[in-house]
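**Q** Sequence:
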Amino acid sequence: MAEFGPAPGVAPKKTELAPLDAPGPVKTAAAAVKEADDVAAARAARTTVAGKPVRLLRGEFHRHTELSGDGGGDGLLLDMWRYGIDAACLDWIGNGDHDNGNGREYSWWITQKTTDIFQVADAFTPLYTYERSCLYPDGHRNVVFPRRGIRTLPRLKGQLGKAMDDLPQEAQRPNTPDTRMLYRYLTEFDGICASHTSGTDMGTDWRDNDSVVEPIVEIYQGCRQNYEMPGAPRSNTAENSLGGWRPFGFVSLALEKGYRLGFQASSDHVSTHISYCNVWAEDFSPEAIYTAMKNRHVYGATDNIIADVRCGEHFMGDEFTTDAKPTLDIRLIGTRPFAKVHVIRDGKYAYTTEPNKREVTLQWTDFNPKPNTTVYYYVRGEQEDGELVWVSPMWIRYEP
Numbered sequence: 088m089a090e091f092g093p094a095p096g097v098a099p100k101k102t103e104l105a106p107l108d109a110p111g112p113v114k115t116a117a118a119a120v121k122e123a124d125d126v127a128a129a130r131a132a133r134t135t136v137a138g139k140p141v142r143l144l145r146g147e148f149h150r151h152t153e154l155s156g157d158g159g160g161d162g163l164l165l166d167m168w169r170y171g172i173d174a175a176c177l178d179w180i181g182n183g184d185h186d187n188g189n190g191r192e193y194s195w196w197i198t199q200k201t202t203d204i205f206q207v208a209d210a211f212t213p214l215y216t217y218e219r220s221c222l223y224p225d226g227h228r229n230v231v232f233p234r235r236g237i238r239t240l241p242r243l244k245g246q247l248g249k250a251m252d253d254l255p256q257e258a259q260r261p262n263t264p265d266t267r268m269l270y271r272y273l274t275e276f277d278g279i280c281a282s283h284t285s286g287t288d289m290g291t292d293w294r295d296n297d298s299v300v301e302p303i304v305e306i307y308q309g310c311r312q313n314y315e316m317p318g319a320p321r322s323n324t325a326e327n328s329l330g331g332w333r334p335f336g337f338v339s340l341a342l343e344k345g346y347r348l349g350f351q352a353s354s355d356h357v358s359t360h361i362s363y364c365n366v367w368a369e370d371f372s373p374e375a376i377y378t379a380m381k382n383r384h385v386y387g388a389t390d391n392i393i394a395d396v397r398c399g400e401h402f403m404g405d406e407f408t409t410d411a412k413p414t415l416d417i418r419l420i421g422t423r424p425f426a427k428v429h430v431i432r433d434g435k436y437a438y439t440t441e442p443n444k445r446e447v448t449l450q451w452t453d454f455n456p457k458p459n460t461t462v463y464y465y466v467r468g469e470q471e472d473g474e475l476v477w478v479s480p481m482w483i484r485y486e487p
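Per the working numbering, the sequence shown runs over residues 88 to 487.
Be careful, since some hints might not be right.
[Unchecked claim] If you anchor each label on the Cβ, the simulated ranges turn out as follows:
no., residue 1, residue 2, range
1, Arg445, Arg191, 15 to 25 Å
2, Lys457, Asp157, 37 to 47 Å
3, Lys444, Arg294, 38 to 48 Å
4, Glu326, Gly138, 43 to 53 Å
5, Gly236, Lys444, 15 to 25 Å
6, Gly434, Ser298, 10 to 20 Å
7, Asn455, Tyr193, 58 to 68 Å
8, Val207, Ala128, 19 to 29 Å
9, Asn455, Pro424, 28 to 38 Å
10, Asn455, Ser298, 19 to 29 Å
11, Asp209, Pro458, 42 to 52 Å
12, Pro140, Glu486, 22 to 32 Å
In case anyone wonders, no lab produced these hints; they're calculated from the structure. Beta carbons: idealized from backbone N, C-alpha and C, even for Gly.
Working from the sequences, and respecting the hints, build out all of it.
**A** This is the structure we're talking about:
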């Protein structure tokens, strides 16, 4: 029989632990305290929208698990909930597995079930979400529902049973049947969706839009890049585009077409702690978060940045008419000083300031607005450490 341990009569060898000679843990502890303070400040943020009090809720809805065929590096479904509650200290989260695990009965059921299990009143709110992935130009879209029990939508099949992804692009013009079908499905079941990585082979050329069921877009993805507009910080280029290069997918081109899209950021595979969908909601309920998304009262950020941008009584994401020259009231609270704050008007830089402050409060007036024309305005903040915030546009029609 095999024996383990020292031979009889031989004293076991004593092992001594030596301290780790590295400054890393001290810095990590300090960073953890700083992040905890930033999270606490975000959770305490309050403002009013249309006379109603709202609170800032940080989250995202694009996390994968082992239920995705390509989710081997993302961890288990239970790890996703642990990440949201313990690691990232999010206020809400949505699962982004492909078709809730390819639409299989068990994976669909367990995702829905755990979404219910991890609801914590006034503390943590999971949403009923999944990713629907079609190739360009249909594109990948993350789907959100305010209630449980809605099945995922199978992909449309084309000639000879081929997926629409495999058909020549010309066969899908002028609209993509699969996307139009998705919009009808979302209308029927009161859902919404958001395109992601729009400037890649997973994206779209914006040939289709339904502003009711697609009110927001994943402008930045932690796993990949920024799809705001060419030349913006972290934007993809022809030489450096993770996931393929599709220049017709920039969000700026969708806005140029007149689409109404609020901005959010989410993670996708592996990425952690660098992409947030921030919603200004009336309470912690799934319905309130969903309503804030539909109203485009959202913004995307790569850190725990607080943003409040409005024009008079109107808030980020709103569309309205005014007889006064538009004046934006901008308030940003960063985790580090802001190196630059931009106002972008109809895709062009209208104003830039270099405040070099962590808290920025300013007013900017468009003294030369286009009369009787709807113009969009949005704010991008750039911290000195490279972290970013994108505030959803306002669409303002000036009628003097």
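**Q** A separate judgement is required for each hint: does it hold in the structure or not?
**A** Hints, verified against the model:
no.	hint	result
1	Arg445 to Arg191: 15 to 25 Å	47 Å, violated
2	Lys457 to Asp157: 37 to 47 Å	46 Å, holds
3	Lys444 to Arg294: 38 to 48 Å	42 Å, holds
4	Glu326 to Gly138: 43 to 53 Å	49 Å, holds
5	Gly236 to Lys444: 15 to 25 Å	48 Å, violated
6	Gly434 to Ser298: 10 to 20 Å	18 Å, holds
7	Asn455 to Tyr193: 58 to 68 Å	60 Å, holds
8	Val207 to Ala128: 19 to 29 Å	21 Å, holds
9	Asn455 to Pro424: 28 to 38 Å	30 Å, holds
10	Asn455 to Ser298: 19 to 29 Å	28 Å, holds
11	Asp209 to Pro458: 42 to 52 Å	47 Å, holds
12	Pro140 to Glu486: 22 to 32 Å	31 Å, holds
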